[in-house]
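Q: Given next are the chains, with one letter for each unit.
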Amino acid sequence: MTLRDLAHSRSGDKGTLVNCSVIAYDPRDFEYLMEVVTADAVKAHLRDLIHGDVARYLLPSLGAMNFVMARPPGNSVTRTLALDAHGKSISSALLEMILPDRSLPASRGGIG
Amino acid sequence: MKGRTLRLGAGAGYSGDRIEPAVQLAAHGQLDYLVFECLAERTIALSQQARARDERAGFDPLLLDRMRAVLPICRANGVRVITNMGAANPAGAADAVRALARDAGLAGLHVAAVTGDDVLAQVRQDQDAVLETGESVHSLADRLVSANAYIGVEPIVEALAQDADVVITGRAADPSLFLAPQVHEFGWRLDDWERLGAGTVTGHLLECAGQVTGGYFAEPGKKDVVDLAHLGFPIAEVGEDGATVITKVPGSGGCVSLATCKEQLLYEIHDPAAYYTPDVVADFTAVTLTEVGRDRVRVQGGRGRTRPECLKVTLGYRDGFVGEGQISYAGGGARRRAQLALEIVAARISEYGHAIEELRCDLIGVDALHGKLGASRGEPYEVRVRVAGRAQSASAAAWIGNEVEALYTNGPAGGAGATRLVRQILAVTSMLLPRDQVRCQVDVREA
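These protein sequence lines map, in sequence, to chains A and B.
Going by the UniProt record's numbering, the first sequence opens with residue 1, and the numbers climb by one from there.
Going by the UniProt record's numbering, the second sequence opens with residue 1, and the numbers climb by one from there.
Rather than coming from a laboratory, the hints here were simulated on the basis of the structure.
Check the hints yourself; a few may be wrong.
Label-pair ranges, simulated between beta-carbon atoms [claimed, not checked]: (1) A:36 <-> B:30: 43 to 51 Å; (2) A:101 <-> B:416: 40 to 48 Å; (3) B:371 <-> A:1: 20 to 28 Å; (4) B:309 <-> A:101: 46 to 54 Å; (5) A:83 <-> B:409: 23 to 31 Å; (6) A:48 <-> B:105: 54 to 62 Å; (7) A:101 <-> B:230: 40 to 48 Å.
Capping the alpha-carbon separation at 25 Å, the derived lysine-lysine pairs in DSS-like fashion look like this [as the list claims (entries may be wrong)]: (8) A:43 <-> A:88; (9) B:312 <-> A:14; (10) B:223 <-> A:88; (11) B:372 <-> A:88; (12) B:222 <-> A:88; (13) B:372 <-> A:43; (14) A:88 <-> B:312; (15) A:88 <-> A:14; (16) A:14 <-> A:43.
Okay, the calculated bits of chain B under chain A, using three or more residues with CB under 8 Å as the criterion [to be verified]: (17) 10-22; (18) 353-364.
Beta carbons: idealized from backbone N, C-alpha and C, even for Gly.
Given only the sequences and the hints, what does the whole structure look like? Please build it.
A: Put into structure tokens, the structure is as follows:
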């Protein structure tokens, strides 16, 4: 299963920083997504595209989270030589993340 | 206005946006205000360059086309217009709109210009001021072409209080364009942080226009959106308490759903508990969304805290040139031939291209967007080679395109469709300026 199966996403830029939302299609999956789509997991998955640490912000009332990260030095929207100057396609890269198996349907059963 | 609902429409989400959704909103949206957000960070620096070439230029290139299309309808329906299409020249833009209004038989229209966001003179004086990079303004020296402060609702509200039918600003913050009519109509105090925060949430949802009504959202089979060719732009029905319903003109294309609103709420933000604008530090964390009808989403719970002491200033500066060349390969072995083409160009540039500061080589269709993440996939039928580099001189940058084009007679078999370009880089950076150093003026005149 990939993140794409459970969530949708949009990314945008501010200077050298890029943000990427992750929004659960079904709010009941949010707890599981919080467990597995951590800042470190995102940092590892996107390691070739981003630079430095990833910050994660949670919006439980929306079943959503927001990741903020820096693109490699010099990769600001105006100076970059990249085809995707704005980092708008990073959401598509993030949704390719492979998720670990859910052992028990805890979040669906409301147990955990 | 107390007790009733204010109707705001978003007529554009960027400078080059479609015009007919705004016409549809003006005609059928039962709007009180139509707002056009047309200023990206770099757009204003480009506009300053245009104005340096021609003193009358420097406002949005589509300003007059948009106004010609909507003003007669807005006049007939009592819709007031707010826009940052003034870019580097709000006063010139207002003059042009007044002339257009007279020609269109709309004499008597009150058009306001809001100026004062241009702080280039102040920034040039304070050469020690610190940029976001930690360097001083001095490091940009004569490459600096623009400095514009993000201004908030105050001058726009002042223009509305003087009965302006059209308000034209330069670098006003995007959500402020939408917050201003809420403040004006409901009489919100400028330290009513809760309501300013709620109104900023509404502004943020509307500022990219079609992005909240299903634009930039569709994925066939997973996230289907009807009739994107005729996407309708959003309407906010705002109550006095700042709670809002996001909707669109019935019958227009697109959709307003919990999912479209969530994507837009989180678009281009960082900490959702602290979204900085000139008017308020808005807090999105308690926002709740409820579907209350077809294409109707109720938004509640936006909050805010005391506005920041300083205003953000965007500086534009010249930063050399980018040269680029592309060529395509198709059929069996396309990827290997394309790879060979890149190796040839890269070798020649490393041997002879001392003036090239940075080089990037991409195989479009293979690794151009996400590097190794994409390169590990299967073999494409066709591949486009792209080589881009940065240099201080236009001639050095142009040389990259020459090298790619030369692959026609000197490179791998079957190269096709070579293109080349050179463009000047207008880079942006930012700094903070104390609020009292930015003084805005409002000039309302009749057409």
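Q: Okay, which hints does this one fail, numbers in order?
A: Structure breaks hint 17 only.
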